[in-house]
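Q: Sequence:
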Amino acid sequence: MKQYLDLCRHILAEGHDKGDRTGTGTYSVFGYQMRFNLQEGFPLLTTKKTAFRLIATELLWFLKGDTNVRTLIAQNNHIWDEWAFEKWVTSTEYTGPDMTDFGHRSLTDNEFKAAYDEQMALFQQRILNDDAFAKAYGDLGPVYGKQWRSWPDATGGTIDQLHNVIESIKHNPNSRRHIVSAWNPAEVEDMALPPCHTLFQFYVADGKLSCQLYQRSADVFLGVPFNIASYALLTHLIAKECGLEVGDFVHTLGDAHLYKNHLNQVNEQLIREPRTLPQLRIITDKQSIFDYEMSDLVIDGYDPYPRIKAPISV
Numbered sequence: 023m024k025q026y027l028d029l030c031r032h033i034l035a036e037g038h039d040k041g042d043r044t045g046t047g048t049y050s051v052f053g054y055q056m057r058f059n060l061q062e063g064f065p066l067l068t069t070k071k072t073a074f075r076l077i078a079t080e081l082l083w084f085l086k087g088d089t090n091v092r093t094l095i096a097q098n099n100h101i102w103d104e105w106a107f108e109k110w111v112t113s114t115e116y117t118g119p120d121m122t123d124f125g126h127r128s129l130t131d132n133e134f135k136a137a138y139d140e141q142m143a144l145f146q147q148r149i150l151n152d153d154a155f156a157k158a159y160g161d162l163g164p165v166y167g168k169q170w171r172s173w174p175d176a177t178g179g180t181i182d183q184l185h186n187v188i189e190s191i192k193h194n195p196n197s198r199r200h201i202v203s204a205w206n207p208a209e210v211e212d213m214a215l216p217p218c219h220t221l222f223q224f225y226v227a228d229g230k231l232s233c234q235l236y237q238r239s240a241d242v243f244l245g246v247p248f249n250i251a252s253y254a255l256l257t258h259l260i261a262k263e264c265g266l267e268v269g270d271f272v273h274t275l276g277d278a279h280l281y282k283n284h285l286n287q288v289n290e291q292l293i294r295e296p297r298t299l300p301q302l303r304i305i306t307d308k309q310s311i312f313d314y315e316m317s318d319l320v321i322d323g324y325d326p327y328p329r330i331k332a333p334i335s336v
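Just so we're aligned, residue 23 is where the sequence shown starts under the numbering used here, counting upward by one.
Check before you lean on any hint, since a few could be wrong.
[As the list claims (entries may be wrong)] Distance ranges between label pairs, derived from CB positions:
| no. | residue 1 | residue 2 | range |
| --- | --- | --- | --- |
| 1 | Phe155 | Lys86 | 19 to 27 angstroms |
| 2 | Thr44 | Arg329 | 18 to 26 angstroms |
| 3 | Ala154 | Pro195 | 43 to 51 angstroms |
Think of the hints as simulated: they come from the structure by calculation, not from any bench.
We put the beta carbon where it would ideally sit given N, CA and C, even for glycine.
Work out the full structure, taking the sequences as your base and the hints as a guide.
A: Below is the structure:
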């Protein structure tokens, strides 16, 4: 994963000091590309422990067209909780302690963090146990799963982009139209978070399937390691269904940034020497990628350095 560490170094050396939506501040570059040969191993970061279970359960959530955090919370996956929680605490129905700017305040105010943790735990339990509450406050709007599997068409129907692309790969592998888009201008304002990974394209050559992702906004320390592994996994799953080997994952970034409150963590990671990449095993044969569960996926030989914690900017 030298490619990823080189990106971090490039931003530290060349990044522009920019403000951002979250108010945290970033160092940012525009336009960067990494290429990973998936034949050389599964690109799960080794210079810090990266949770494959969270990556895989999120991807499977996307693949099923789901947009409600209830499914993820039930699997102990909390990577989308803050966006649903924000919807709840800014609603007129919420009557608990003031949670304004909870992402920043929980980092610097221990008394507030205790209140935040309590409210988040109550929110998670209510999402799991109250159907009406989960429907109202657990749904993130028409985010990735909705756009991948149920893009609205002009006649009132929907388009299953991902299913169509898989069929195209099987029956017309030389097509230059193996494309899935998550960026729907008509619905982007209704999403809890507009899609960061906006469009991906597949390419078939020499019996191998490659994938290129265009990512408009890239949180390089926290998000990008997840994105690399997620799209590598997607490529593996589709290649298996289509009877192909895996080729390259090409990751093209628009605004690639390091948050200012991640710099110490980045520098700690940069002194670590990358280790041998693990291998992905898909241990069951399913007819469709939409049928896979977490129990079907195994990572062998993963020997990372310890996890490095950093705050998420919401």
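Q: Next, verify each hint and record whether it holds.
A: Evaluated hints:
{"no.": "1", "hint": "Phe155 / Lys86: 19 to 27 angstroms", "verdict": "21 angstroms, holds"}
{"no.": "2", "hint": "Thr44 / Arg329: 18 to 26 angstroms", "verdict": "22 angstroms, holds"}
{"no.": "3", "hint": "Ala154 / Pro195: 43 to 51 angstroms", "verdict": "46 angstroms, holds"}
This entry satisfies every hint, going by the numbered hints stated previously.
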